[in-house]
Each structure stands twice: as structure tokens, then as C-alpha cells.
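Enquirer: Below, each chain spelled out in residue letters.
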Amino acid sequence: MSTETADPVVAPAEDAPETVAAENVIEIRNLTKIYRDFWGRKKVRALNSLSLDVRKGEVFGLLGPNGSGKTTTLKLLLGLLFPTDGEIRIFGKTATDVSKNDRIGYLPEESYLYRFLNAEETLDFYGRLFNLPARQRRKRRDELIDLVKLSHARKRPLKEYSKGMTRRIGIAQALINDPEVVFLDEPTSGLDPNGRADMKAIITDLKERGKTVVVCSHLLAEIEDICDRVAILGNGELQLLGSVEDLLRSKNQTQITAETLPPEAISEIESVVARYSSNGVAVANPRRTLEEVFLATGRMSEARPGRRFVDGDNPLDVDAAAATEDGSADPAGH
Amino acid sequence: MTELREFDPALAVLVWAAVVAVLTLLGAGVVTLAGLLTGKLSLTYGRLGTSIGELFAFSPARVWALAVLTWREAVRRRVLLVFVVFAVLFMFGSWFLNGVETRTDLLVPRFVQFVLKTIGYLLFPVSLLLACWGLPEDIRRRSLHTVVTKPVRRGEVVVGRILGYAGVMTFALLIMATIGYGWIDRSVKQIDPDARLVSRVPVFGDLRFRGSRGEPMNQGINVGDIWTYRSYVTGQTQARAIFTFEGLGENAFSTVRTAEGEEVKRLILESSFEAFRTLKGDMTRGTLVQYTFVNPKTGLRVDDPDPFPIEEFQKNVHFVPRELTVYEPDADGGEGAYKTYDILEDLIADEADVAFPDPFAPDAVKTVKMRNVMQIEVGTPDRSQYLGVGQADLFVRLADRSFASGYFKAVAGIWLMNLLVITLGVTAGSFVKGPVATVLLLSLFLVGLGRTREFLDELVTTFASGSWDGGGPVESIVRLIQHMNPITDFDPGPGVTLMKAVDSVFMGGLVAVSRVIPDFTPFALGRFPAEGFDVPFVDGLLPAIATVLAFLIPCLVVGHLALRFRELEAK
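Residue numbers (our numbering), protein chains in the order written: chain A, 1 to 334; chain B, 1 to 571.
Here chain A stands alone, though its shape is the one from the complex (with noise of 0.2 Å):
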């Protein structure tokens, strides 16, 4: 982890180790952004001080309601806008920096591709963008149709497509220079079951491959189990910070997985478990969702706020030790 706030729960940027700084591709430190009026004038603040690094080689998410910031991070991220206070580091090098855009790919949330064009000419087009030799567009082309399955659909002008197709020319066209880091505005948006599913695997492909996945999405459910970390944002601040792993594992609960025991069997555990707890045991699947830390997340920063979350530190945990001592339910909702 390595963050750069004020909060003591964050880790100050100046002690992370550099070995760690050396493999982050994205780093962004103390970013604000404030929309303005024409005039100039304050319209809101969409982005407060926010600092956090990207991995090489992770898929990263970047969550948070819709107003949180998520998206304009990412356009500050690719240029789109620009910050008002605060600095963006990808590749080293600044985010209107064109050369970098040689290394990323950018699945933008609602596809605005040119809807004249087909898959084939949209995938040439970009692919032409980045100075793609001929054959190597059209391999690149054929590659990408066929990962997206829109072999049947490739000469069909994108105005005939549907949202999902649309989808899918999106993200072909995004990886259409096989980038480094790929920047993928909710993926899963508009797709069907199948298309999520297909989604998820190209991005764990993705990461296969060691590339660097930013997912920005509200979907949760969606993109758990594929991130390595996220971000939550809240109002245009950092509001938790950390791995997925660590933030989905319930600290104070232990779990016994086994094959399917004999009542008998259970019922010695459940002896040998109530010698050591008071509470008893609960035999239940003990696994909670991302959108549970997510929502427990937006209670503990109504409750507190500015309260940040990072590494180790999970809203869940806290939530519940709460809840033990006054005695309410169950802080997961079981």
C-alpha cells in the first residue's frame, strides 16, 4: 500500500519502500479538481486531495457511487480534464503528456465510438492512431474481433449494434495497441450475463499477461473478484484503500471449510468451538461481499467523516466490533 494523507490510518507516501514506488505505473498525489462556472466561479468539488498508486502488473478498481469522483479521475488520469491542485505520474510522465497514450488503452463508459464506421474500420482507425503498420492492424483487427466475438457482426455499421456489441468494438478498440495499462470505464455495463463473463476473462487475461487494469465501476458484485485492490471514493475522497483479499476477510470470525461432514461431525465442532467462543458457532457461508464493505464503508464516513480506510483496516471489522459491544445484530447482515 502507499498513500499520502494527513490521516494517520494512511501510510505517507515518503515511507513506502522505493522498491515498491519503482513498480508503480500510476501515481497520483494530493489530486483536486473543482468544476468552475464560466465566470470562475466554484461550482462543486468533485475531487478532494486524493493520492494512491497503481501497480504494475494489478487490476486496480476504482469504486464508488455515482458523484464520487471515480470518473473524473479517470479523465483526469487521461487528460480529459485537468486538475486543479495535485499531481498524476503515469509512466513518470504527466497525464497530458501525449507520448504516454502510446502505452494505454481506454474503454470510455458509454463506447463513443463513430457509429459510421463498422468494426473492421473502427479497429483500423484506431489502430492507424498508434502508426500500426498494415499487416499488423489487420492481425490486430482479426484478433480482436474474434476476442470480442463480433466475427458475424464486423462489417455491420455500429449504429446497428447493440449496447452490448457496442461494448464489445469498445474494449477491442482499447486493446487495439496491446497497452501496458488499460483504462476500462464500467466494463460491464450493457452486457448480458454472457458478455460479464466474457469481460471478466479478457481482464484477467489482461492480467495474466502482466497488464495493469484501472476498472472504474459502481458494480461491485461485478468486479470483486477480479480486483487486486481498489479504491472506494465518496463524495471525491479517498474513503478506503486496500486489497481485495484483505477487505472481504472477516478478521474476527473464523471459517472451517470441509467436505460435507456428518451431522454427528458438526456437532463435535460445534462442541470443540463453543469451549473456546461465547458466541457460539453459526454454520453459514462467513464470506462477505464487496458491496457490503462497500455500504459499510459509506456508514462508518457518515459517522465519521474523513475517516480513511486503508491496507488492514476493513469498515466491516469495525462496524462489527461496534455492534458486539452494544450488543446489536450482526454487523454483516446475517
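None of these hints come from the bench; they were simulated from the model. Only a predicted model underlies this, so the values are computations on that prediction, with no experimental measurement involved. Please note: incorrect hints may appear among the correct ones.
Chain B residues, not near chain A, derived (Cβ > 10 Å throughout) [what the hints assert, rightly or not]:
| # | residue |
| --- | --- |
| 1 | Phe171 |
| 2 | Arg301 |
| 3 | Arg401 |
| 4 | Arg451 |
| 5 | Gln482 |
| 6 | Val505 |
| 7 | Ile553 |
Here are the simulated distance ranges between beta carbons [stated by the list, open to error]:
| # | chain 1 | residue 1 | chain 2 | residue 2 | range |
| --- | --- | --- | --- | --- | --- |
| 8 | A | Lys159 | B | Leu449 | 32 to 40 Å |
| 9 | B | Leu549 | A | Ser99 | 29 to 37 Å |
| 10 | A | Ile34 | B | Asp491 | 50 to 58 Å |
| 11 | B | Ile481 | A | Ser99 | 58 to 66 Å |
| 12 | B | Pro125 | A | Val44 | 38 to 46 Å |
| 13 | B | Pro125 | A | Thr204 | 46 to 54 Å |
| 14 | B | Gly249 | A | Arg138 | 55 to 63 Å |
| 15 | A | Ser99 | B | Pro486 | 58 to 66 Å |
| 16 | A | Ser99 | B | Thr452 | 16 to 24 Å |
| 17 | B | Thr461 | A | Ile34 | 45 to 53 Å |
| 18 | A | Val44 | B | Leu449 | 54 to 62 Å |
| 19 | B | Thr452 | A | Ile34 | 38 to 46 Å |
Derived lysine-lysine pairs resembling DSS-like cross-links, with alpha carbons at most 30 Å apart [to be verified]:
| # | chain 1 | residue 1 | chain 2 | residue 2 |
| --- | --- | --- | --- | --- |
| 20 | B | Lys297 | B | Lys366 |
| 21 | B | Lys433 | A | Lys42 |
| 22 | A | Lys43 | B | Lys40 |
C-beta: ideal position from N, C-alpha, C; glycine also.
Mind docking chain B on chain A? Use the hints.
Expert: Here is chain B on its own, set in the frame of chain A:
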């Protein structure tokens, strides 16, 4: 007759450089101010430096890709439906054009102007709307986001758009112009099967006059016409209209076929003089025109042995052989003899100092060194008759070129104008929305074409000559307050010096701004082929090319910087 404006390329480049320098300084001032106000001066200048550096890192392949995209976009949005309108107009156009005139020479200008104006009027709105709406729509629909997140320089988008729209416009123009050419040819042949369309190539001369007692004059006499374009020389006196032609050589003699079918070389003089009769005179013929060829270096004068009567309101074409044989009564010791002179050898001077009356000082004369020069004096031997002569009433007609030469050069004028419209439209679209860009460009067009253009030109001339009565804005206000008339001088003092200095800066800025408004008048070249002339390069096509080039580079820079400094996702 076609009016030509002299074009000085060197001066044009100088004015362009000065205006660009002034505007660059103004831009730098604004950037500095903005940087200081936001406290990000170094960041702003850093980004500006990077952005300017990007201008030199354009990739032709990316520009081409963007141009092809633009072409496809326009074509697939059925822009070429403009052909349908064009076809409909031409299907029915001849209903209204034929039958009005019976003379071919009067019908041809109608046909040519109809075709060229139709093409111009159809193409202009297409170029305007495509250029003004393309980029803003691309930004609004956010399709540009997927482009600028690739390694695309923002200026490449601007150039790609310009090239793409220019391609569409060129394609449409070529098709329409070719069809139009065929239509003109067919229409003329239908009226007069023997008619031959050509592009005449004129060499015009400088005109001055000599009075009836031989005195040099800027103008002839006025016979009471309100229109002062022509002034008159009195018959059977020393009064002459003197045309000085420069740049005459072997090419001045064209091959013509005689009645016997023989091909001979002739100096072709085409004229459109007017006669003013004070008495009926010889009613069987028009007033005679007498040419006298003069070598300005040697002073040799040779009368044209073949005076001809004017046919008014017609083109008077006069063929002069290269060798003139004239009877000289004073030759051979007063016995008189026929002598032969070669126009090229004896009457055209390789180089001569020619004196002209100074238009700004009636008694002064200015001398100009000219090359391959000959003077032709025009008078009339008819007593008490007057010959009306204007600047363009006489020209040496070089070998004719094909009608296609003049026609397609005029089409090139339309092409250049639409290229400028596209360039300005795409640039405007890089920083304002489509409707605003359209209104902005329409305003520029109206200002740059109409009387406002004349006012702006007058403003520049007046300011440059320092004869601005009443001064600039500060001086005007002071005069208003002090109830001073515009020509009363101020008493010298530091306040007056300061006032004039401030006004000079303001007026200089105004002149620079007026130069930024494009001049659309050089593109109207249709009048040349309509009147049967070829389009001259230096005074016809070059000003149009220069106007486009003058805007192309600054527009590219402005468009690039506007997109670079603009938040495409700004709310």
C-alpha cells in the same frame, strides 16, 4: 471590364508577419495574465511550450487516418446529396437563361456566371456547416475522447478535419465544375454552332494623357459624363491617351489565320473605346481611332497605317502586323519615302525610363524604369469628335488560351474560398460550439466580403498615411469634451503626446484586428471567364492563394492550442 487589383507578394508577407507578431504578443500577454491570476504561470508556459513542440511532431499517417474518417463521416451522412440539388438546378436552369439574349457574346457571361455562382452558393453552406459542426459534435458526442486518448496531437485532429472536409468539398466541386463546363459548352453550341470559347490573355498598360496643346495630364477632358471612368481626347489635336505596356516580347505576337487561310503573326490590340460626337460628321462610319506606336527610349514614333472606326459596345479587335510600312513625307531629304519598322526591334525598348505625371503632385513627374516597354498613343483624326478612354479600354491580347483555363482557375477560386471557410470553421469549432462557430464564420464572411471590408481597408490606409482626422478614441473623447473640431491641432505637451501614443497603440491593434478578418473578395474570379478572360496568376489567383495560406498556419496553431488547453470533459 474586369477591374484588377495589384498584388504585391512581398508586401503581403510583410503585413502578414507584422499582424501575426502583434497577435502573438497579444496572446502572450493574455496567457501571462491568466497565469498570474491563477498562480500557475510556469505550469501554463510549460504546457504552452510542450504544446508548441507537438506542432512539430505531427504524424502524416495519423493525419491521414483522421482525414479519411472525416471523409467517411461526411459521405455517410449523405453530404453529397448536394449533387441532387445541383442536378435539379441545371435541369431547369436553361429554361430561364435561354431566349433572353440572342447574342452569344452576351449569353456566355450569363451561362458562366450561372454555373459558377450555383456551384459557389451550393458549396459554401455545405463547407460552412460541415466545418463548424464537425468538431463540436465530435466533442459533444465524446467520440473525440477515444481519439485524443490515443497518441494523437490535438492539432492533428484539426488538420485531419480540414483535409477530410476539403476532400469532400474538392470531390463535389470537381464533379459540379466538370458538369457545369459541359453544360456551358453544350448551351453555347446550341445557340451558335460555330462559337468558340476562349480565354483571352490581356496585357494592360498604364494610362496617362496628353492635352490638346501637348501638355502632360493625368486625365483627359470631361464631356459631362457623371461616370468618370473614361475621360476624353479631342480629335485632330495633339491630345492623346497614352498607354505604356511593359513586358512585351516575342509572345506579344499571336498566330492568326488570314482570309486566305495563311497563318501570320500579329500584334492584337483589343479596345472598347467610346465616342462622343459633337457633330454628326461622317454618318457612314464610326469615329476613327488612330494608334501611334512609340519607343519610349529612342522616341521613335510610327503611326498605325490602318486607322479603324469604333464599333461601340462591341469588342474592337485590331490586328497589327509585326512590320509596319509607313509613308514618311520628310524622309529622303523631304522627298518622302516608304519606310518599314519592326515593332519588336524598333518600337519595343528593352529598358527605358518612362515619365509619369505624379498623381499626388500635378506639376511633378515621376520616372519609372520599365523593361520590354512600348507606348501606344490613342487619338482620333476626326475633327470635333471626342474619344472616351478608360484604363482597361485597350490591351494587348496575347495568344488565347482554352476556355477551360480561365474557367477552371475561377473554379480554383471557389475551391480556395471553401478551403478558407473550412479552415476557419474547423478552427472555430475547436473552441466554440457548432451554432456559435457558424454565426461567427457567417459574420466574418459578411464583414470580409461586403462594404465593411472596404471600410476596414480604408481604415488601414488612413491610419497608415497618418491622416486620421480627429484622432483615435482618446483624442476623440478629449475633442468632444473640449468642443474642438477634428482638424484643430492641440498645443504640444506631454499630455497630448501621451494621448496620441495611447491612440496609436489602440489604432494599431484595430488595424491588426481588421487584418485578421479575412478578405473574401480575391476569391470572386468568375468574372474573368464570364468576360472571356483567362485568370491572371499574380493579380488573380495568387492573392486568393496567399489569403488561404495566411490563415492556414495561424488557424492550425490556434486550433491545436485551443484543443490542447481545453478540457474536453468540462462541465
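Enquirer: If a hint holds in the structure, say so; if it does not, say that too.
Expert: Going through the hints against the structure:
{"no.": "1", "hint": "Phe171", "result": "17 Å, holds"}
{"no.": "2", "hint": "Arg301", "result": "71 Å, holds"}
{"no.": "3", "hint": "Arg401", "result": "42 Å, holds"}
{"no.": "4", "hint": "Arg451", "result": "34 Å, holds"}
{"no.": "5", "hint": "Gln482", "result": "39 Å, holds"}
{"no.": "6", "hint": "Val505", "result": "28 Å, holds"}
{"no.": "7", "hint": "Ile553", "result": "21 Å, holds"}
{"no.": "8", "hint": "A:Lys159 / B:Leu449: 32 to 40 Å", "result": "39 Å, holds"}
{"no.": "9", "hint": "B:Leu549 / A:Ser99: 29 to 37 Å", "result": "31 Å, holds"}
{"no.": "10", "hint": "A:Ile34 / B:Asp491: 50 to 58 Å", "result": "55 Å, holds"}
{"no.": "11", "hint": "B:Ile481 / A:Ser99: 58 to 66 Å", "result": "60 Å, holds"}
{"no.": "12", "hint": "B:Pro125 / A:Val44: 38 to 46 Å", "result": "40 Å, holds"}
{"no.": "13", "hint": "B:Pro125 / A:Thr204: 46 to 54 Å", "result": "53 Å, holds"}
{"no.": "14", "hint": "B:Gly249 / A:Arg138: 55 to 63 Å", "result": "59 Å, holds"}
{"no.": "15", "hint": "A:Ser99 / B:Pro486: 58 to 66 Å", "result": "60 Å, holds"}
{"no.": "16", "hint": "A:Ser99 / B:Thr452: 16 to 24 Å", "result": "46 Å, violated"}
{"no.": "17", "hint": "B:Thr461 / A:Ile34: 45 to 53 Å", "result": "50 Å, holds"}
{"no.": "18", "hint": "A:Val44 / B:Leu449: 54 to 62 Å", "result": "45 Å, violated"}
{"no.": "19", "hint": "B:Thr452 / A:Ile34: 38 to 46 Å", "result": "42 Å, holds"}
{"no.": "20", "hint": "B:Lys297 / B:Lys366", "result": "16 Å, holds"}
{"no.": "21", "hint": "B:Lys433 / A:Lys42", "result": "23 Å, holds"}
{"no.": "22", "hint": "A:Lys43 / B:Lys40", "result": "20 Å, holds"}
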